[in-house]
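Participant: Could you build all of it, start to finish, from the sequences and the hints given here?
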Amino acid sequence: MSNEADGMADLHWMFDMLHHIDVGLVVLDSKYRVKLWNNFMENHSGVSSSIAKEQSLLTLYPELDTGWLHQKLDNVFALKTPIFISWEQRPHFFPFKSYRPITGMANKMYQNVAIRPISSPDGSIKNICLVVYDVTDIATNKMALSAANHKLRRLSQALSK
405 MSNEADGMAD LHWMFDMLHH IDVGLVVLDS KYRVKLWNNF MENHSGVSSS IAKEQSLLTL
465 YPELDTGWLH QKLDNVFALK TPIFISWEQR PHFFPFKSYR PITGMANKMY QNVAIRPISS
525 PDGSIKNICL VVYDVTDIAT NKMALSAANH KLRRLSQALS K
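FYI, the working numbering numbers position 90 of the sequence shown as 494, with every residue one higher than the one before it.
Some hints could be false.
Computed list of lysine-lysine pairs in BS3-like fashion (alpha-carbon distance at most 30 Å, straight line) [unchecked claim]:
id: 1; residue 1: K512; residue 2: K565
id: 2; residue 1: K546; residue 2: K501
id: 3; residue 1: K476; residue 2: K546
In case anyone wonders, no lab produced these hints; they're calculated from the structure. Quick caveat, the model's predicted, so the values are computed rather than measured.
Facilitator: Right, here's the structure in full:
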């Protein structure tokens, strides 16, 4: 009995950690229905997990590029291998507002997204997990550095003439 109680306690704290971690976690089944939508996703999307659960991700976000997304998700299911989508490929995977609109330089959140297969006990892949990272600070700093370098090149060219 003690082992069972310990197992339940471990499961409880792991689930609590996943729900409150500061990255977005979305678990989808093979029909792209939401199985898990953590607090990060709730807070940044404005959609509660009770509303998101069992809905298609494409119903929740019809503005997503359906063909492109189907290809990415289907590849993870078929190949059983993770993929990574950089903010430089898709700056705003989800249309989330930046949560630092006054102090930040971006209106929308820049995101990196990892899409990983989740193995079932029998080894099959019935679900995948999207891990959404807020990289707004990195993206805006890189863009500011790029703009400064561009300005320096122009000034250097003007001085050399």
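Participant: Does the structure keep K546 and K501 at a Cα separation of 30 Å or less?
Facilitator: holds, 19 Å
Participant: Please verify whether K476 and K546 have alpha carbons no more than 30 Å apart.
Facilitator: holds, 26 Å
Participant: Given the proposed pairing of K512 with K565, does the C-alpha separation stay at or below 30 Å?
Facilitator: violated, 40 Å
When held up to the earlier numbered hints, the structure conflicts with hint 1 and nothing else.
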